[in-house]
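Engineer: So the sequence lines, in the order shown, correspond to chains S and P.
This note's numbering puts the first residue of the first sequence at 1, with every later residue one more than the last.
This note's numbering puts the first residue of the second sequence at 1001, with every later residue one more than the last.
Simulated from the structure, these hints should not be mistaken for lab results.
Keep in mind that the hints are not guaranteed to be accurate.
In silico SDA-like cross-links for lysine to any residue, where the CA-CA straight-line distance does not exceed 20 Å [what the hints assert, rightly or not]:
{"id": "1", "chain 1": "P", "residue 1": "K1304", "chain 2": "S", "residue 2": "D25"}
{"id": "2", "chain 1": "P", "residue 1": "K1304", "chain 2": "S", "residue 2": "L76"}
{"id": "3", "chain 1": "S", "residue 1": "K14", "chain 2": "P", "residue 2": "M1372"}
{"id": "4", "chain 1": "P", "residue 1": "K1031", "chain 2": "P", "residue 2": "D1156"}
{"id": "5", "chain 1": "S", "residue 1": "K10", "chain 2": "P", "residue 2": "P1170"}
{"id": "6", "chain 1": "P", "residue 1": "K1031", "chain 2": "P", "residue 2": "Q1009"}
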Amino acid sequence: MDNQIRTILKQHGKLGSDAMSLAEDADLYQAGMTSHASVNVMLALEGAFDVEFPDRMLKRSVFESIRNMRAAIEELTGGR
Amino acid sequence: MTKPLENAQSIAREIARVHADDVDRQARFPKEAVDALRSAKLLGASAPVALGGLGSSVTELVAMCQALGQACSTTGMVFAMHHIQVASMVLHPGTNGAMAKYVKEICEKQWLIASVTSEVGVGGDLRRSACAIETTGDTFSVVKDATTISYGAQADGLLLTARRSADAAPSDQAMVWLRPGDYTLEKKGNWDTLGMRGTCSPPFRVTAKGKADQVMTEPFSDVGPLTMVPFSHLLWGGVWLGLATEAVSRARAFVRAEARRSPGAPGANALRLSELQAQLQSLRSLVYAMADEYQASLVNKVDKDLLLSVGYALRLNNLKLVASQSIAQMVTAAMPICGIMGYKNDSQFSLGRLLRDSFSAQLMINNDRIHMTNAQLLQVYKDDS
């Protein structure tokens, strides 16, 4: 799952650093992800993992690191 | 001791209102009203008492903006823009506490602070800068070509956005506090506009240097969504609500005078007034509900998660969109009520200045840009909570 998230970040995150080698708890907003880019990341994640993030998850803390995104997706897929 | 809000209301009534037409006609800074606000210590309203301010809540600040905006939109907007800057410094004191020290100085000296966010070449995008802060040891320098600085020439200090360093990305911005004497301004154009003429907002080149601790440690990617954008939309909303209140009040005075001349069943104008009053009430509710919600988030030590959510960004943007569109509609709707007396510039029912000022609202951060942002956010937002 991490690799898929990293690939999406690479495509849509507009990060200043390499998404494939970022620490999983690195702050993506500090790494240059704008709110505009983060929406594209959310859309791509919803498509790739066949999930819908409910509004309560649509906040910066959920998408600020690879680890937090993975936790959110796992919560929605229930480990399916 | 009279309360800060009452002071602002009496300055609005007794000073800002008296000079409003002259400020507009001559496109001059509302000096009398700003001097009065300064004397009443109201330029420190948004700072806490501990830093020498008046400790006014966001809701009180909105009410001050409304009162000033009703009397003179320009004065209201200057007051609003000043406090957006002060609040950005108050709420982001930085790890070294430097901003708190500077806020204290601002309150003590009652300095007026202008904003330098716009820049040539970034296309109106608040969240990108071209210019960069160059730090050498414990000093910095920066040069910025701003497309507009409201009351730039009349302000005592500036709060400016720039890239944090020469090699930073356009979105990696910091805010910089510029004290009097830290900068020079080179005027690059004029400010001869349809409305909001007394805000005196021409383009300038800012050339500045100062001490390194004048650069905010917190990134603008936090200061923007947590403080500057909410304060902007709320305080502007207060000014616009005041403007609309004035237009409705002029229409109401006209209808009342008509009714007194020939008492009887309400005529067509009275029905138009009824529609207008409903629209005004809805705007007032919207502005104050959003102010109360934001104030509550501040009291709860800034509920960052709420303020940085897609839902909050959408609602705050909608406040700006709805308020800015509805005030132009309301002034326009007041025009047929007041008729030729509204059309005249020298009548007590005149609507010309209000109508011209109202059009600025949809342009200061262009509504199209905000719709584009909302359109994007709506691709993920479900409105399910």
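Engineer: Tell me if the straight-line CA distance from P:K1304 to S:L76 falls inside 20 Å.
Structural biologist: violated, 23 Å
Engineer: Would you check the hint for S:K10 and P:P1170, treating anything up to 20 Å between C-alpha atoms as holding?
Structural biologist: holds, 18 Å
Engineer: Taken at face value, is the distance from the CA of P:Q1009 to the CA of P:K1031 at most 20 Å?
Structural biologist: holds, 17 Å
Engineer: Holds or violated: P:K1031 with P:D1156, Cα cutoff 20 Å?
Structural biologist: holds, 13 Å
Engineer: What's the verdict on S:K14 and P:M1372, does the C-alpha distance respect the 20 Å limit or exceed it?
Structural biologist: Since the Cα atoms of S:K14 and P:M1372 sit roughly 19 Å apart, the hinted pair holds (cutoff 20 Å).
Engineer: Measure nothing beyond the straight line between the CA atoms of P:K1304 and S:D25; if it is 20 Å or shorter, mark the hint as holding.
Structural biologist: holds, 19 Å
Violated hint for the displayed structure: number 2, the only one.
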